[in-house]
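*Asks:* Given chain H's structure and the hints, the job is docking chain C onto it.
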Amino acid sequence: MGLKWDYRPNRPIQDLVWGVLLAMGHSDFKPKEPSHYPLALILLLFIALMTVPWYAKGPTFEKLVLSIPLWVWSVIIWSLILAFSIMAVARYLWRLEE
Amino acid sequence: MAETANMGLYVLIGVIIYSIILLSLGYIYRVKRLTLKDYFLGGKTTGALFLFFTLYATQYSGNTFVSYAGRAYRLGFWWVVSVPFFLMIYITYLWFAPRLYVISKKRGYITPADFIKDRFNSPLAALIASLLMLYGLSNYLLEQVTAMGHSFEGITQGLVPYWAGALFLVMVMVIYEWLGGWKGVIWTDFIQGAIMVTGLIAVLFIIAFKYPLSDAIQVWLDNEKTSKLVMPPPSSFIKTWLAIYALVGIGAAIYPQAIQRIYAAKDEKALKRSISGLAFMPLITPLVILLIGIEARYYFPDLGKVESDKAFPLFMSMLANEGVIYFFITLIMFMAVLAAIQSTADSVLLSIGSMVSKDLYKEWINREADEKRSTLVGKLVSVILIGVIFLIGMTPKTTLWHLTEIKFEVLIQAAPAFLLGIYWKRMAKIPTIVGMVAGAAVAVGMKLTIGRYMGIYEGLWGLLVNLIIVIVGSLLIKDRESISRAEELFSYLPKR
Numbered sequence: 001m002g003l004k005w006d007y008r009p010n011r012p013i014q015d016l017v018w019g020v021l022l023a024m025g026h027s028d029f030k031p032k033e034p035s036h037y038p039l040a041l042i043l044l045l046f047i048a049l050m051t052v053p054w055y056a057k058g059p060t061f062e063k064l065v066l067s068i069p070l071w072v073w074s075v076i077i078w079s080l081i082l083a084f085s086i087m088a089v090a091r092y093l094w095r096l097e098e
Numbered sequence: 099m100a101e102t103a104n105m106g107l108y109v110l111i112g113v114i115i116y117s118i119i120l121l122s123l124g125y126i127y128r129v130k131r132l133t134l135k136d137y138f139l140g141g142k143t144t145g146a147l148f149l150f151f152t153l154y155a156t157q158y159s160g161n162t163f164v165s166y167a168g169r170a171y172r173l174g175f176w177w178v179v180s181v182p183f184f185l186m187i188y189i190t191y192l193w194f195a196p197r198l199y200v201i202s203k204k205r206g207y208i209t210p211a212d213f214i215k216d217r218f219n220s221p222l223a224a225l226i227a228s229l230l231m232l233y234g235l236s237n238y239l240l241e242q243v244t245a246m247g248h249s250f251e252g253i254t255q256g257l258v259p260y261w262a263g264a265l266f267l268v269m270v271m272v273i274y275e276w277l278g279g280w281k282g283v284i285w286t287d288f289i290q291g292a293i294m295v296t297g298l299i300a301v302l303f304i305i306a307f308k309y310p311l312s313d314a315i316q317v318w319l320d321n322e323k324t325s326k327l328v329m330p331p332p333s334s335f336i337k338t339w340l341a342i343y344a345l346v347g348i349g350a351a352i353y354p355q356a357i358q359r360i361y362a363a364k365d366e367k368a369l370k371r372s373i374s375g376l377a378f379m380p381l382i383t384p385l386v387i388l389l390i391g392i393e394a395r396y397y398f399p400d401l402g403k404v405e406s407d408k409a410f411p412l413f414m415s416m417l418a419n420e421g422v423i424y425f426f427i428t429l430i431m432f433m434a435v436l437a438a439i440q441s442t443a444d445s446v447l448l449s450i451g452s453m454v455s456k457d458l459y460k461e462w463i464n465r466e467a468d469e470k471r472s473t474l475v476g477k478l479v480s481v482i483l484i485g486v487i488f489l490i491g492m493t494p495k496t497t498l499w500h501l502t503e504i505k506f507e508v509l510i511q512a513a514p515a516f517l518l519g520i521y522w523k524r525m526a527k528i529p530t531i532v533g534m535v536a537g538a539a540v541a542v543g544m545k546l547t548i549g550r551y552m553g554i555y556e557g558l559w560g561l562l563v564n565l566i567i568v569i570v571g572s573l574l575i576k577d578r579e580s581i582s583r584a585e586e587l588f589s590y591l592p593k594r
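Here the protein sequences line up with chains H and C, keeping their order. Numbering-wise (our numbering), the first sequence opens with residue 1 and increments by one. Numbering-wise (our numbering), the second sequence opens with residue 99 and increments by one.
Bound conformation, chain H alone (with noise of 0.2 Å):
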């Protein structure tokens, strides 16, 4: 049981994954090995997200989150999706070396 980094039909984040290693022609990098690591931190990262509404009572929250327009946050998660995509593409499924 566990999650695998292994492609499967309709998983939103490996397809992300997928498709931003096909878009660039690296159909020859097949995934090295199977691990659940990245796909647990970008979880990791949905569920922080989600726990909003509970300290979103702080001072800290009103100061700093909600102040900040909602589009910028949208490009900031997904610079951050992009980058655990750019860890992902290199470390579990480039293949230079045999």
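What the hints contain is simulated information worked out from the structure, not anything from laboratory work. Be aware that a few hints might be false.
What the hints assert, rightly or not - Here are the simulated distance ranges between beta carbons:
1. H:I77 <-> C:G402: 31 to 39 Å
2. C:K130 <-> H:I77: 43 to 51 Å
3. C:Y397 <-> H:P69: 14 to 22 Å
4. H:I77 <-> C:F426: 15 to 23 Å
Glycine is no exception: its CB is placed at the ideal position from the N, C-alpha and C atoms.
*Replies:* Just chain C now, with coordinates in the frame of chain H:
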């Protein structure tokens, strides 16, 4: 507060201690065997941690701190574009780094042009690519040298004049680089990168807990600057954001010093780990600088366009007044600016030295020269070049000055040879050479005459012309030599 008044003096003391550390590292790691591979690439044995810090410290220059804060001051949240455009550099790495790494290990490349020469079996193509990159890099170096002078003068509150600041930092850099070569540079990059990360993380916490962003945003609303808070319209996004993504994403990824860091990786694991870590650095570096610029608008609302570049030092000086800890954080941040400039400049200078010794001297002037002599020539020429650049930086701006502002526009014309050449077997020699020359001519011509067309950078128009020539020309000409060379190089790549 007394400490703030003495900030210039404290920074000067800090810089002297920091310089002694750098010089000691240069001495400790001085090169004993003068070969091209050892001096310019550290024998290709750089591990993940050092590769990460050298790529980080090289990629983010003093410009990232000072000029980006000024842009955030003027443009508001629009400047969040600086986060994804740095990510684009790593996307470009994902495109070409794995293949280039494998081929470079097998063929023993030292300079970026080594790949071009090998791929197209053409010393001429390599020479043109080298000259384009040398021109772009020399201008980049000039930018760093002038930034050293201005930043040192500004940060020490005029205690150290512009010329003396630039001269001091250049001298320190030249000495540790002369002694240590690659190892001197990556050790100092490690220290410089660590200073930068420490300062930025400290400032992020201060902004989060001490200076409410909501107040800063209110001032934008009060001054009817709401347009600076809303999302850019689609037309602006397509023309400006995407153009920046393309220009920086491609241009900065094929900087010679960046390519050489791919060659220098010890093994696959080191390269993978360093790029994985780097992917997160835009969220620590340009994002924190953006927040500094936004905050500075609240505390210093009346800065003009030129003065807005002082947003960073002004905000940091204000922070220094808050107490002893804040004072030291400010000190670290000021040191981080100088470290960022110096770490970029040293890598650029080393890269220039390698290209002069291998691509120009050994290839075109003295083929019989041994490794020691070629390396020595590269070292000497780079010292002479930095001397000339220093003198140019000290002269007042003339009408020819805008020639020195051409950097990415020219550099990016070497991109198709790397980014297409590493995948496309059919890519032919002659169209590649013609494409580079034509692309550079279009970019420089536009820069000197009409400037940007339809709001899109001159370099991208040059790149478009370049790509059309390369693609159409390669489809029309069947260059058997280039194809067989590509087949040979691609045979090193792992099979599916």
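*Asks:* So, for every hint listed, does it hold in this structure?
*Replies:* Against the structure, the hints come out as follows:
Look at H:I77 against C:G402: about 34 Å separates their beta carbons, and that is inside 31 to 39 Å. Checked against the hint of 43 to 51 Å, the pair C:K130 and H:I77 passes, with Cβ atoms roughly 49 Å apart. Between C:Y397 and H:P69 the C-beta distance comes to about 20 Å, which sits within the given range of 14 to 22 Å. Taking 15 to 23 Å as the suggested C-beta distance range, the pair H:I77 and C:F426 does not conform, at roughly 33 Å.
Violation of the numbered hints given earlier is confined to hint 4; every other hint is satisfied by the structure.
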